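Line by line, the protein sequences are chains A and B. For the first sequence, the numbering used here begins at 1 and goes up steadily by one. For the second sequence, the numbering used here begins at 330 and goes up steadily by one.
Just so you know, not all the hints are guaranteed correct.
Stated by the list, open to error - What follows is a set of in silico ranges between Cβ atoms, one per label pair, in the way DEER data are often shown:
(1) L15/A / M330/B: 20 to 30 Å
(2) T448/B / P195/A: 55 to 65 Å
(3) G472/B / L263/A: 22 to 32 Å
(4) E440/B / A191/A: 50 to 60 Å
(5) G468/B / L15/A: 47 to 57 Å
(6) P195/A / G358/B: 49 to 59 Å
It should be emphasised that the hints constitute simulated quantities derived from the structure, not laboratory data. Note that the structure is predicted; figures quoted are calculated from it, not measured. All C-beta atoms in this analysis are idealised placements derived from N, C-alpha and C, irrespective of residue type, glycine included.
Read off the chains here:
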Amino acid sequence: MTRLQLNAMLALAGLAAILAGIMAGSAPLSFADTLSGLLGAGPEGARLIVQEIRLPRVLAAFVTGAALGASGALLQGLLRNPLADPGVLGVSAMAALGAVIAIWFGLAALSAFAVPLMAIAFAALAAGMLAGLAAARLSVVQLILAGVGISSFAGALSALAMNLAPTPFTLSDLVNWLMGSVANRSFSDLALAAPFWIAGAGLAALALPGLRALTLGEDTAMSLGADISRTRLLAILASALLTGSAVAVAGMIGFVGIVAPHLVRPMVRHDPGDLVLPSALAAGTILALADLAIRLAPFTQELKLGVAAALVGAPAFIWIAARSASIGR
Amino acid sequence: MSAAALISASVVLAGRPALDAVSFSVAPGAFVALTGPNGAGKSTAIRALLGLVPLSAGQALLGGDPVGALSPSQRGRRAAWLAQDRSSAWAIRVKDLAALGRFAWSGAPYERLADADRTIVDEALARAGAAGLADRPLGALSGGEQARAHLARALAARAPVLAVDEPAAALDLRHQHEAMAVLRAEADSGVAVIAALHDLGAAARWADRVIVLDQGRVAADAAPQTALSADLLARVFGVRRRAEGGYDPV
């Protein structure tokens, strides 16, 4: 299967997942009403439900997943480690801390861009620290543990913010948002994050050949003619933009950034450069389907997407970790 | 003009001098063996030549230019390097590994290389004895097969300078011989070959010139028979050559 065929297949799967997400929901709409609603015709109620509720929600799920999948693949290539993932390494937790600070100190009220910008800045801080540690020749285990430390520290500071929350409303806002969800997202939420996603995707594309050279380690990559400091900077910025804006839109959603690259890697001949786009498409599809499953699940209180992702993703992470023990360094 | 040269180059690693005012140059077509006891600075000298470690004093020249003034891709085109650490983070296919040898020309994997680059990669795979392994993933290979795949990658650069660290490591006797013969052929075709070698017999057999490093300094730089004198063997390596072959400690 060529790269084009694989990406086309995954894009079709993503489209199918998005369409399924538009068709299904708690409101009993007929297939014809849903379709005409999507096209802007038909009864007003159906049009509103499809265009204002279902479509932005399913797109938010897909794009959040895609951003996290691409970010995971980038971090794995940069750190030469199949266990790297924005969630595991604390990039997401730092992004969440940035967003929490923006909300807590009222920056979010001043500008709509405050939350995504703070999330991205803090994600960049975490990714930069990790790349610095990786450059200092830390082992895979040390690096993952450092990520766990970053994650715990950012989590503790977020918890501190909740602990000291001025009102119960702030607290419930923070808690709900941190659990990770794409419910009730609107097109304006997506439009806010779109420039960061586009910038992240562009920078990611520039980092790909360097990631391929990094397969052989930093020294050999440099001897091949790769500009490693440029590749590192591009991958960190791209990962921070993608993770930060995903967290700003949907809160903390873990593990999709590790599971998607793991599933796709054999299909791209383990090439770290070719891995990023299909990982994004696969992760977007996975998250769109996961959100669909949540909406269809017969719970009185809807399960949060971040909780569902962790329930499935954490065991998958343990399985991948156990199987990759021999990779080491 | 020399293809690669160190001029009074010094390197400090972790606070202690690893290279101390080392000078040598390698001409196109020469096969130079770099040898010396453990920790003498063989690998550091090669890394200094390639601009991979900063010099505390002196100069490293590649193709007549200071290596620090070259762009990353210029550096990749002027010298290929086979490091002692032949690890790969991912189980890529052998032909994609060899395609990385063309990185300074194209960062693409094997299938998406230009025809001319792909021909060069195929030829490098054949010369390294890795043509039969081309479609296999690195993870499924023995240590010796992996070493041949990495050698193919270094050959695929077709760079005027080829630096290799222990080219025979992990290879059985026949493949050791083949790897050294490939390096010899590279030199005969005009490439400046620099090989860090522990095996003094191989150094004497294949190289035109032997540079002996000892504690970061050049202890000898001459034709093999002259450089590896009985006096130097005793002084630097602490061994004496036995009449029937091999060495005894002194």
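Going down the list of hints, with the structure as the test:
1. Remark: the range hint 20 to 30 Å for L15/A to M330/B is contradicted by a beta-carbon distance near 60 Å.
2. At about 44 Å, the CB distance of T448/B to P195/A disagrees with the hint of 55 to 65 Å.
3. A hinted range of 22 to 32 Å holds for the C-beta pair G472/B and L263/A, which are about 30 Å apart.
4. Evaluation of the 50 to 60 Å hint for E440/B and A191/A yields a failure: the beta carbon distance comes to about 38 Å.
5. Against the hinted window of 47 to 57 Å, the Cβ-Cβ separation of G468/B and L15/A comes to about 34 Å, which falls outside the hint.
6. About 56 Å separates the C-beta atoms of P195/A and G358/B, a value consistent with the hinted range of 49 to 59 Å.
Against the hints set out earlier in the document, violations occur for numbers 1, 2, 4 and 5.
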